[in-house]
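Student: Protein sequences appear in the order of chains H and E. Quick note, the first sequence lines up with residues 3 to 374 if you use the working numbering. Quick note, the second sequence lines up with residues 19 to 234 if you use the working numbering.
Treat the hints with care, as some may be off.
Examples of chain H residues lying across from chain E (beta carbon under 8 Å, computed) [what the hints assert, rightly or not]: (1) GLU17; (2) ASP228; (3) LEU230; (4) GLY238; (5) ARG240; (6) PHE251; (7) GLY311; (8) ARG321; (9) ARG322; (10) VAL326; (11) GLY339; (12) ALA347; (13) ALA356; (14) GLY362.
Simulated from the structure, these hints should not be mistaken for lab results. Ideal Cβ placement from N, Cα and C applies to all residues, glycine included.
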Amino acid sequence: MNSEQIPEPISIPEEILQKWEAKGVSRRDFMKFCTAVTATLALPVSFIPQVAAAMDDQRLPVIWVEYQSCSGDSEAFLRANQPTAAEIILDVISLEYAEVVMAAAGHQAEQAKWAAMEKYKGKYLLIVEGSIPTGAGGAYCTVGGESAVDSAKKLIQNAAATITVGTCASFGGIPAAAPNPTGAVSVRELVPGAAIVNLPGCPVNAENLTATIVHFLTFGKLPAVDALGRPKFAYGKRIHDNCERRAHFDAGQYAEDFGDAAQRQGHCLYKLGCKGPETFHNCPTIRYNEGTSWPIMAGHGCIGCSEPGFWDTMTPFYRRLPQVPGFGIEATADKIGLGLVAATAAAFAAHGIASACRKGDAMESDKLKREE
Amino acid sequence: MLEIRYVWEWPVRITHWVNALCVVVLALTGFAIGTPILVAGDGSYVMGWVRFVHYVAAYAFTVSVLARFYWMFAGNHHASWRAFIPWTTAVGRRNFVKMLRYYTFTGKQISYEVGHNPVAALAYAGIFALFVFQIVSGFALYSQYNPGGFMAGLFAPLLNLVGNQWLRLGHHGVMWLLLGFFINHVYSGWLMDVKERNGTMSGIVSGYRFIEPRDL
Chain H
3 MNSEQIPEPI SIPEEILQKW EAKGVSRRDF MKFCTAVTAT LALPVSFIPQ VAAAMDDQRL
63 PVIWVEYQSC SGDSEAFLRA NQPTAAEIIL DVISLEYAEV VMAAAGHQAE QAKWAAMEKY
123 KGKYLLIVEG SIPTGAGGAY CTVGGESAVD SAKKLIQNAA ATITVGTCAS FGGIPAAAPN
183 PTGAVSVREL VPGAAIVNLP GCPVNAENLT ATIVHFLTFG KLPAVDALGR PKFAYGKRIH
243 DNCERRAHFD AGQYAEDFGD AAQRQGHCLY KLGCKGPETF HNCPTIRYNE GTSWPIMAGH
303 GCIGCSEPGF WDTMTPFYRR LPQVPGFGIE ATADKIGLGL VAATAAAFAA HGIASACRKG
363 DAMESDKLKR EE
Chain E
19 MLEIRYVWEW PVRITHWVNA LCVVVLALTG FAIGTPILVA GDGSYVMGWV RFVHYVAAYA
79 FTVSVLARFY WMFAGNHHAS WRAFIPWTTA VGRRNFVKML RYYTFTGKQI SYEVGHNPVA
139 ALAYAGIFAL FVFQIVSGFA LYSQYNPGGF MAGLFAPLLN LVGNQWLRLG HHGVMWLLLG
199 FFINHVYSGW LMDVKERNGT MSGIVSGYRF IEPRDL
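For reference, chain E alone in the conformation it holds in the complex (with noise of 0.2 Å):
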């Protein structure tokens, strides 16, 4: 009989899209301030627009991610941080294996699960990891506006020692590698949407899913 589960309580849902909704606004004006695609003639802001946008989003993809982090240990189980490392229970580790096998097309059987499946959830570990990385990279940068400041003073030992061109290759970097994980997570959400049948696309959207409790 299908159960009709609440999964993904509101702060999931809601940090998620504001997560996706920054991500691609961060993504397509930081592009546009590296590469500088939109001209325009006397008198314009145009650059100016783009890096407050890109200034605005980036804070609220901070806020985000710090409460998807809060979440993490106020939420319920699929929510919390152990749901990000799969490998520390046995059966985390088995249906890592069995899901790893079922993508690579050498093992059958699908790891059925209420919340992430155990590949999925790594992937969002290094995501996490990566956002962090954004984050602190994106404000140390931006922090050099004001050499004598707060911001500056925090972000100066980073700095120093990683130097900023640095910093700047690694943020444009990371940002590639966010595209990468985008197409990446659309597909499988789209894979696992048509193979688990349980709601998984729309799951995000209402909080719910329709597990079979015998496939569990």
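Bound conformation, chain H alone (with noise of 0.2 Å):
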């Protein structure tokens, strides 16, 4: 590329940023908004005034709801994201039925819920949180008198698109893990071939899901996603390979023990169980709560929260390996290992030394002879 060339100037529309700061939002903050999303879509610059204006009032319908969830993912993006950015989003978005946040209550929010479905059918945004149980006939969730199974497949069928927030409604999550006695699945699972985005985590990350509202925002569909069905500007990389510690890894520096200097000194928590190298999410770049922080940062290995089978394979959270199936909780694969390795050794030693003790079954004896 010729370096004397200068790249186009990126300008988003004096009207633009008027009507944001009309609203309240500085030009810095909307700016600071469009910039950072557009970075978190991997989208070029270029993008970066189309994405400022399709955050144009497009009142998009949005029905929020839960089944077998914890609310985190509600609050992980009512809360800790920039005031700003929540600002813009539910300023552009029109949210018509969320339970964390909504006011009305009973009958009269039931009746808000279905009679958007009814409105936006087929033009709506679905959010699900939470995995659906769908043991015991559905019985185990009932939202208003209906069973999570029932109301989530029709407002996943006349949705325009649905975001699976956090690791439960991605893949099962908690619920979901052995032996899991309600029978829980993934929205995917529920419906399969539905229009769906996943975006697991622990919670989800704020920051991609609001990314992918914007992405549906800006060009009217969702996101490019892997096989898993997760965004892959999100979740295109593995952690453990954008980790900050990184480089004491491939040096080999590990810190072995919590709050030992090497943890102390940003030293690879791999031996302390990290699951960064079996986890693809965009953690290390993104962090969470406004780029302050995550996990690894803070001094505790990944635990692999978004990856499908969490809690069932990434446990113990301090161990690198899974359980054994079948051997007791203290048993690690190199204890059996070296167990069946050592019982190995000791069975063929018996064996040697019985047969080095055994007359009259070799070959070609009748035709030894001795040197004298």
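Assembly of the complex is requested from the two constituent chains, each provided in isolation within its own frame, with the hints serving as guidance.
Tutor: Printed below as a string of structure tokens:
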């Protein structure tokens, strides 16, 4: 590329900035928002004006439902975000139903949900938080007398697109962990083939949810996803490969214990069971809570919360490998393996002694000549 | 009269020793990756090198195992794939029982063979299966460094079906099985070298064994 070349200046039209200023969002905050979201989506800077224009008052109807969840994803979205980002998003969308923030209650709320579904059929964005229990005919989770299975199916089938927030909605999460008493399934398992984008994480990263909504507003469709339905912009790289402690991994510098000198110096947490090498997420680059920090930065290994089978495969959290099924809690793969090898060695040693004492079993024995 | 017979052709011997070397290197480096025992100071690249050696050995091992699979179809009847499934013939079944009885001290007669004895051959079939498992699981885990790449696409169905942590546990566990086999293999070779007196151990170096046709 010619270094003399001056890139096209990127500018957001004056009237858009003034409109946001009138709403109490400073030009600077709005530009920061558009730039950050464009970067999160891994789009070139030339898309910033398009993103800014899409932030026009589209009043995209959004229905946010919760099933087997802890509301952690709602909390993450509402509290962790910069106030302005939440303001901007909540200004652009029309949140028709959301259990955590709505004023309505009881029958009134139920009516609002179904009225919104009917009114915006095929046009609204559905956000699902929590897994859906299929056991006992769906009796483990009912809202307004209707099972989660029934209401989720209806809402998903009538939505323009569905975003699952958190690991429970995306992969079943903790409710679906063995022995899965409620028969919990993910949204994609409940309605295979629907337009669903999975945003796993415990909780979902608010930046990724914001970016996904903005992508939908800007381009009218969901972002490109991988085989597990996760947007590539957010889950396209392994944590380990973008980790700020990675250089210490390669160098052979590891924290051996919590609070030791190596851990305080920022050495790799691999030996403390970090699951960064098996987890795909953009935590190292986006971080949590407005980029303040994230687990590995804070000194705790990744627990792989955004991976399928989280809890069954990522535990024990402070060991690298999962438990060997059928063995006790303290039996690691290495202990079992070492025992196996020792038992083999002992068995063959015994066999060797017994074989050495055997008489008359050798071949060609008749031809054996002694060297005198 | 003892006969000198050329049993193990050069591809069998070379792949055998490349496999042996690779298994040792892969087990040592693999263990050091799972449990980093090598630690170093600032500016070093210990884990980087350990992983590099592991991956280079993995490619060498894969090529060697594939070459051996090719030779199962191109080589002599001792190297053939048929040698690894001894129960397809009546003789094979009889010799299998005979050899098993010898190993368990319930029979006195060794099933004297020019090539593999039937019990060993069956064990090798199992070992080849474990080799394939190690290669597939290893490359599946390796492919995750580049999720959009060709290799990741190839292994994505497996990774999504089994999950990378169970693959990792399996990859780790099979290493221990292979180490157990290593002990078994060296012991059995030694035992047969003593009992058969036909050059079992030197045969895998030179390719020749000394056979008494009357014992067959």
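Student: Next, verify each hint and record whether it holds.
Tutor: Do the hints match the structure? See the list:
Taking 8 Å as the C-beta cut-off, the interface hint given for GLU17/H is violated, the closest approach to chain E being about 39 Å. Look at ASP228/H: its Cβ gets to within about 7 Å of chain E, closer than 8 Å, so that hint holds up. Checking LEU230/H against chain E by beta carbon gives a least distance of about 6 Å; that is within 8 Å, so the hint holds. Here the hint on GLY238/H is kept, as its CB sits about 6 Å from the closest CB of chain E, short of 8 Å.
At its closest, the beta carbon of ARG240/H sits 6 Å from a beta carbon of chain E; the interface hint therefore holds under the 8 Å criterion. Checking PHE251/H against chain E: minimum C-beta separation of about 6 Å stays under 8 Å; hint holds. The interface hint given for GLY311/H holds, since its Cβ lies 5 Å from the closest Cβ of chain E, which is under the 8 Å cut-off. Given hint, ARG321/H at the interface with chain E, is violated; its Cβ is 10 Å from that chain's nearest Cβ, farther than 8 Å.
Taking 8 Å as the C-beta contact cut-off toward chain E, the hint placing ARG322/H at the interface holds, the least distance being around 6 Å. Annotation: interface hint on VAL326/H holds; nearest CB of chain E at approximately 7 Å, less than 8 Å. Look at GLY339/H: its Cβ gets to within about 3 Å of chain E, closer than 8 Å, so that hint holds up. Taking 8 Å as the C-beta cut-off, the interface hint given for ALA347/H holds, the closest approach to chain E being about 5 Å.
Taking 8 Å as the C-beta cut-off, the interface hint given for ALA356/H holds, the closest approach to chain E being about 7 Å. For GLY362/H, the interface hint holds, the least distance from its beta-carbon to any beta-carbon of chain E being 7 Å, beneath 8 Å.
The structure does not agree with the numbered hints 1 and 8 stated previously, though it agrees with the rest.
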